[in-house]
Amino acid sequence: MAVLLKAQDLTTNFYTYEGAVKALDKFSLSIDHGCTFGLVGESGCGKSVTVRSMLRVIQSPGVIEGGKVLFSEKADAEPVDLLALTEEEMESVRGDSISMIFQEPNAALNPVITIGDQVAESFLFHRVAEMSQKICDAIDSGESYGLLTPYYRAMLGVAAKNPKAPLLKFCSQVPFLKWWDKPVKKEALQRAIKIIGKLGIANPEEIVTRYPHNLSGGMKQRIVIAIALACHPTLLIADEATSNLDVTVQAQILQLLNDLKKESISSILLITHDLGVVAETCEKVGVMYAGTLCETGDVKDVFSTPLHPYTQALLTSVPKFNQEGELQSIEGSVPNLVNPPSGCRFHPRCPKAMDKCSTDKPELKELIPGHLVACHHADRVIGGLS
Amino acid sequence: MTAYIIRRLLFLVFVLFGVSILIFGLLSTFSPERRAAAYVTTPKQAENIPLIIQKYGLDKPFYVQYGKWVEQVADGNLGWSLVAARPVAQAFWNYFPTTLELNLFASPLVIIVGIWLGTMSGVHRDSFFDHSTRIAAIVGWSLPTFLFALILLMVFYGYLDMFSPGILSSDLSLWVANNPDKFVRYTGMYSIDGLLNGRLDITLNALSHLVLPVVTQVIVVVALLMRVMRSGMIEEMNKDYVITAKAKGADFKTIYKKHAKKNALIPVITVAGQLVALSMEGSIAVEVVFNRQGMGWWLAESATQLDMPVLMSVCMFVGLVFVTSNLIIDIMYAYVDPRIRLH
Numbered sequence: 001m002a003v004l005l006k007a008q009d010l011t012t013n014f015y016t017y018e019g020a021v022k023a024l025d026k027f028s029l030s031i032d033h034g035c036t037f038g039l040v041g042e043s044g045c046g047k048s049v050t051v052r053s054m055l056r057v058i059q060s061p062g063v064i065e066g067g068k069v070l071f072s073e074k075a076d077a078e079p080v081d082l083l084a085l086t087e088e089e090m091e092s093v094r095g096d097s098i099s100m101i102f103q104e105p106n107a108a109l110n111p112v113i114t115i116g117d118q119v120a121e122s123f124l125f126h127r128v129a130e131m132s133q134k135i136c137d138a139i140d141s142g143e144s145y146g147l148l149t150p151y152y153r154a155m156l157g158v159a160a161k162n163p164k165a166p167l168l169k170f171c172s173q174v175p176f177l178k179w180w181d182k183p184v185k186k187e188a189l190q191r192a193i194k195i196i197g198k199l200g201i202a203n204p205e206e207i208v209t210r211y212p213h214n215l216s217g218g219m220k221q222r223i224v225i226a227i228a229l230a231c232h233p234t235l236l237i238a239d240e241a242t243s244n245l246d247v248t249v250q251a252q253i254l255q256l257l258n259d260l261k262k263e264s265i266s267s268i269l270l271i272t273h274d275l276g277v278v279a280e281t282c283e284k285v286g287v288m289y290a291g292t293l294c295e296t297g298d299v300k301d302v303f304s305t306p307l308h309p310y311t312q313a314l315l316t317s318v319p320k321f322n323q324e325g326e327l328q329s330i331e332g333s334v335p336n337l338v339n340p341p342s343g344c345r346f347h348p349r350c351p352k353a354m355d356k357c358s359t360d361k362p363e364l365k366e367l368i369p370g371h372l373v374a375c376h377h378a379d380r381v382i383g384g385l386s
Numbered sequence: 001m002t003a004y005i006i007r008r009l010l011f012l013v014f015v016l017f018g019v020s021i022l023i024f025g026l027l028s029t030f031s032p033e034r035r036a037a038a039y040v041t042t043p044k045q046a047e048n049i050p051l052i053i054q055k056y057g058l059d060k061p062f063y064v065q066y067g068k069w070v071e072q073v074a075d076g077n078l079g080w081s082l083v084a085a086r087p088v089a090q091a092f093w094n095y096f097p098t099t100l101e102l103n104l105f106a107s108p109l110v111i112i113v114g115i116w117l118g119t120m121s122g123v124h125r126d127s128f129f130d131h132s133t134r135i136a137a138i139v140g141w142s143l144p145t146f147l148f149a150l151i152l153l154m155v156f157y158g159y160l161d162m163f164s165p166g167i168l169s170s171d172l173s174l175w176v177a178n179n180p181d182k183f184v185r186y187t188g189m190y191s192i193d194g195l196l197n198g199r200l201d202i203t204l205n206a207l208s209h210l211v212l213p214v215v216t217q218v219i220v221v222v223a224l225l226m227r228v229m230r231s232g233m234i235e236e237m238n239k240d241y242v243i244t245a246k247a248k249g250a251d252f253k254t255i256y257k258k259h260a261k262k263n264a265l266i267p268v269i270t271v272a273g274q275l276v277a278l279s280m281e282g283s284i285a286v287e288v289v290f291n292r293q294g295m296g297w298w299l300a301e302s303a304t305q306l307d308m309p310v311l312m313s314v315c316m317f318v319g320l321v322f323v324t325s326n327l328i329i330d331i332m333y334a335y336v337d338p339r340i341r342l343h
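Protein chains in written order, with our numbering: chain S, 1 to 386; chain E, 1 to 343.
Treat the hints loosely; a few may be bogus.
[Claimed, not checked] Straight-line Cα separation of at most 25 angstroms, BS3-like style, residue types lysine-lysine; simulated pairs:
#  : chain 1 : residue 1 : chain 2 : residue 2
1  : E       : 262       : S       : 185
2  : E       : 68        : S       : 185
3  : S       : 185       : E       : 258
4  : E       : 258       : S       : 194
5  : S       : 161       : E       : 253
6  : S       : 182       : E       : 257
7  : S       : 169       : E       : 55
8  : E       : 262       : S       : 186
9  : S       : 178       : E       : 257
10 : S       : 161       : S       : 186
[To be verified] Which bits of chain S does chain E cover? Going by a derived footprint, with three or more residues having C-beta under 8 angstroms, they are:
#  : stretch
11 : 50-60
12 : 93-105
It should be emphasised that the hints constitute simulated quantities derived from the structure, not laboratory data.
Glycine included, C-beta positions come from ideal geometry on N, C-alpha and C.
Pulled out of the complex, with its shape left as it was, chain S reads as follows:
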């Protein structure tokens, strides 16, 4: 299958008073078209940093130090490096081709802006030309937008060709003239109502006039999803989208994402620490530890025959239904990434560590077709066999 997004040697540091936190160290990942990819790992292992680096929405003091994020929206198109785009080009990618659902719906919505305004913004950033054209056509076929209709027609004719035309920017600064985009805003709100209704929220016409604090957690999460889905992204990144919701709502949201994937979006990158969710919804999985990818492959392969000691430990630490004896946990704790362990970052906690592990950083290798592992031990065992 064609590759949709490929991160290569992505490196992100956070410059704090303690020193540089090496949150991502030469991280590589590849997601295919039409695939649901699960990224798992402990809290603080850099899952969110990964996707935020890919979208270049890292907040200070984070800095993307190097690497490439190759993105090919059409399966046969030449991939573009997102990290090499200008900020303006990147703005047109965010929310349109790639969009993101955030983990904390309470914090992810602006408390002082109405729901409708926040959802409609997505359309106003990416669909002004199309909406203007639609309104122009409507005016041409006799529809009236009040007294200012001729003015709207003239301005929207310009906007349909180039929404960033200097004339429009100038008029937006002038009192009265700045109302040229009123029909567009109205249309964007109509679209917002439509998409909110589609996500199973009753009475969307009323919801759009409300503020985030008027809604319940599950509803807020749906609004966050509506914002992300507004422009039918090719890749939807769900950053712990369901972690803070109760189990029933979580199931509903996951079901919703699955349904939506079928009709409108191509691929989903699901970030979670819940292995059960991954097993249920994903086709491929990547396991992260301390800013590096340890193992990736089909969910079935990785979960049935984990090759990396960290993945093995992670899987044994999940409570089983017929659990006997004490729950296994991983010895030690996540290392401080200001001074990460040399070589393999997992070696201080690894039961199978060898001398080599503390000096050489293991490369991600395809040991079994479709199943990549970064581990000297697995390399020796499997590599030695073949």
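Chain S is fixed; fit chain E onto it per the hints.
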């Protein structure tokens, strides 16, 4: 909302009662002789002190004196101002417009400039602009007002002979005093009365006298507002909803103008409201240095001369201003922040 406003205004009565009791109590700690002596100007009149005490009942118990004062105030008689040599109510309408005029120009400038500078330095954190405005703010905030006012006066009046102190040039104020039929004092503010009477020269003259006091007031007060706005902006720009907006494809301008600024303004409203309310009682330093006889000047003079009726009335006025300004702040809060409901 209306019920809320009415309830808050009823609350005003209690505030004024408390303030008056407090100030009256403080002033009663002076002996009757000391208070009567304020009305004595020549050694010969000193003989009248017992008479004055008896006439005004200065030796009566506290509650009797207070009751008498309340009775008089209810009658609309605020007393006689020694400093102004006229009734307090009349003197108030003489001094208050001068202070109001200064604030009419200074307050909008303080709010606009403070919010703009704070936003810009918060958004472009650690840039050259940020550092220079912060240094300027610290200098403006820590330099004593009187010193700053004196420096301005020395440079602009002393060396450049541009903006003279006072309210109006002496020949114009003489003309105004001699022609009360040709120049009606509608508001008591020369800059506005000049326009209303069709005398543009008086307006311009009054404005030129306002330049230095306004600049002083703005520079001294704006620093606090700027710093509150800046830290609010920095805090809001690191919130999660900013990332959501960014991930939607928002450009930087939309992010800080539409998303962050609205949230950062919430604490600024409180500070701005308090600053404006505070400046309504007049800045003593500004009014004394620039020789503008406004509320601050009057209050300072009255305090040094133990002008009791003035002190009482001005303190009541300050209480009134603070209660109403807090009410306005609360109403604006509810307007800016949809999470707040007034009821």
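Query - Numbered hints the structure breaks, given as an ascending list - result: Structure breaks hints 2, 7.
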